[in-house]
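One-letter residues, chain by chain:
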Amino acid sequence: MKSKFHPDKNGYFGQFGGAFIPELLHPNVKELEDNYIQIIESKEFQDEYKSLLKDFVGRPTPLYLAKTLSEKYGAHIYLKREDLCHTGAHKVNNTVGQILIAKKLGKTKIIAETGAGQHGVATATVCALMGLDCTVFMGEKDIVRQAPNVARMKMLGAKIVPATSGSKTLKDATNEAIRYWIQNPETFYLIGSVVGPHPHPDMVARLQATISEEMKWQLKEKTGKEDPDTIIACVGGGSNAAGAFYHYFDDEDVELIAVEAAGLGVNSGESAATSQLGEVGIIHGSKTILMQDDYGQIVEPYSISAGLDYPGVGPLHAYLYESGRAKFMNATDKEALAAGFELTKLEGIIPALETAHALAVLPKIDFKKDQVVVINLSGRGDKDLETFIQYLED
Amino acid sequence: MNSIQKIFEQKDQNLLSIYFTCGYPELNDTNKVIKALEANNVDFIEVGLPYSDPLADGPTIQDSSQQALKNGINLDVVFEQLMEIKDTNKTPLVLMGYLNQMLKYGEDKFCKKVIECGIDTLIIPDLPMVEFENHYQELFNKYGLTNVFLITPHTSKERIHKIDNYTNAFIYVVASASITGAKGEISNQQIAYFERIKALNLKSKLIIGFGISDHKTFSTACSYANGAIIGSAFIKSIKQSGVSGIEPFISGIR
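The listed protein sequences derive, respectively, from chains F and Z. Under the working numbering, the first residue of the first sequence is numbered 1, with each subsequent residue one higher. Under the working numbering, the first residue of the second sequence is numbered 395, with each subsequent residue one higher.
Worth flagging that the hints you see were computed from the coordinates, not collected in a lab. Where hints are given, some of them may not hold.
In silico BS3-like pairs for lysine-lysine, Cα to Cα no more than 25 Å straight-line [said to hold, decoys possible]:
#	chain 1	residue 1	chain 2	residue 2
1	Z	LYS429	Z	LYS484
2	Z	LYS577	F	LYS109
3	Z	LYS551	F	LYS9
4	Z	LYS506	Z	LYS484
5	Z	LYS464	F	LYS168
All chains, please: the whole structure from these sequences, using the hints.
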């Protein structure tokens with residue numbers, strides 16, 4: 001089934017997407033473009049991917065009815081428990097798939113960028129599993145604020161390269177990963193979100209689609225209907241949202257809500273709410289919505305959450321926004337922290353700071369009685385304890 | 395015939411091109427640098443538009459771009475500066491920038507301004523051939539602009555021949571799988587690649603760039619192509635010695 005939210009042959013979702021890459025990357029990107037669909041759709045890949053998702057990642061992840069939260073907000077709120085995936089977030093769904101693609105293409109050296117460190121950990125994990133060489137680029141600022149994940153990556157045998165340019169966060173880590181890739185074209189760039197040149201956004205969305213595939217039968221079991229009324233997910237680059245929305249794109253009755261990080265406030269000058277602050281632009285090889293100044297210089301974003309601290313959004317999400325298919329909301333640092341504490345106290349689950357942004361819009365929505373809502377609980381909060389504790393003491 | 399083709403009419407060996415970053419080291423150094431390069435008989439000049447996130451550039455050009463942006467450079471200032479020397483400057487200028495700068499400025503407005511400044515050749519490292527064909531070829535033709543394509547050690551023969559047909563100025567031969575910046579020596583592997591390109595007998599002129607930094611690498615490059623471009627090494631030199639260091643730098647290359 002071809003959806004209008006799948007890319008065309010040049011990798012465009014509406015006006016967004018494409019592959020704006022220096023000539024040196026052309027052979028790599030072309031090789032992937034020519035092979036990824038065929039590989040993903042092959043029985044060999046599917047068997048191995050599904051088996052690893054089940055026995056290594058721990059899928060299916062539960063769909064949990066959060067009773068206290070539901071009572072408080074007057075809706076049936078289900079949590080899709082991606083936080084229970086091995087390594088602690090949805091990121092591993094993608095890395096398990098991409099490492100199989102890399103192996104199929106005969107690649108032995110893997111590079112990745114990371115913001116919160118979840119993608120870095122998930123990449124280092126599958127590289128350890130497959131015995132492949134792993135280098136992770138991470139912003140210097142993020143290395144400090146996500147120290148537990150840095151330690152995990154090191155323990156898993158990955159080499160960490162600090163990105164010291166720009167804002168020293170996810171954008172800069174991605175720049176450095178791409179520069180390394182240009183200089184080492186034999187490496188496989190295992191990208192962590194639905195960003196980058198075509199076919200990366202589509203490939204990552206397909207690999208995260210397992211989230212909504214499971215949601216369908218789990219909801220059917222629990223509510224009698226495959227479709228919820230609303231799905232809520234946080235968006236930095238947008239991979240967990242892409243996965244949670246994927247099988248519902250063409251189901252217009254299902255409301256899709258993407259939540260961006262507003263930092264200190266959308267108009268504070270310290271924000272990462274790309275859809276509200278950005279305009280059409282090119283970042284990391286993709287035409288999308290981008291935070292930039294009047295002359296096209298990329299603006300440094302800000303969010304308390306390293307995983308959402310990104311001045312762009314994947315081209316699929318730019319199209320979901322422009323077409324109105326998804327509703328874009330946002331949450332400030334403060335609102336996200338409060339939502340994180342709330343989930344912890346009410347449901348006994350400490351969410352990642354990224355995920356806390358998705359939870360933070362609950363008080364802003366006027367739910368109908370019996371509205372079925374799924375929140376994609378993309379990751380767990382162990383890596384953010386230091387930040388949470390600072391505010392606990394306040 | 396565009397400005398670069400005219401240069402090739404007069405000379406087609408040992409062409410020296412210099413890349414510099416606009417507004418660096420000081421905001422108003424743009425024209426001082428161009429004048430000094432012209433006085434030192436550089437054959438054509440690559441005018442670099444500073445960008446916040448230059449993916450194809452190494453640390454030297456990244457740093458100069460950051461500094462230039464801090465100095466207050468932007469596209470409007472660049473165009474103003476270039477208009478000032480339009481009538482006196484006789485050395486062809488090639489504008490090098492990233493696609494997002496053009497996109498945000500307005501593609502038509504950008505092309506119009508470039509032509510007004512007397513420039514007819516662009517290098518946009520993140521504009522791939524398929525996007526050029528689908529979205530930019532017509533626009534550039536309308537304004538009489540030529541786009542320079544880059545080829546690399548990994549560009550296929552078919553692609554090189556296609557690029558050969560699209561180019562009115564020259565083919566930019568990227569010397570190795572790298573971002574900009576000096577590498578020291580030119581390896582035997584690189585020479586094999588230069589020989590392979592030369593043997594294709596392309597109709598376009600060939601200019602080698604990336605990693606060309608001194609007399610030795612320049613003259614090696616020139617024995618396989620029509621000329622070479624020096625960027626990062628020049629930026630390092632003006633960072634250290636300023637505009638007055640341009641004369642000794644250029645005479646050291648030749």
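| Hints broken by the structure, by number, lowest first? | none
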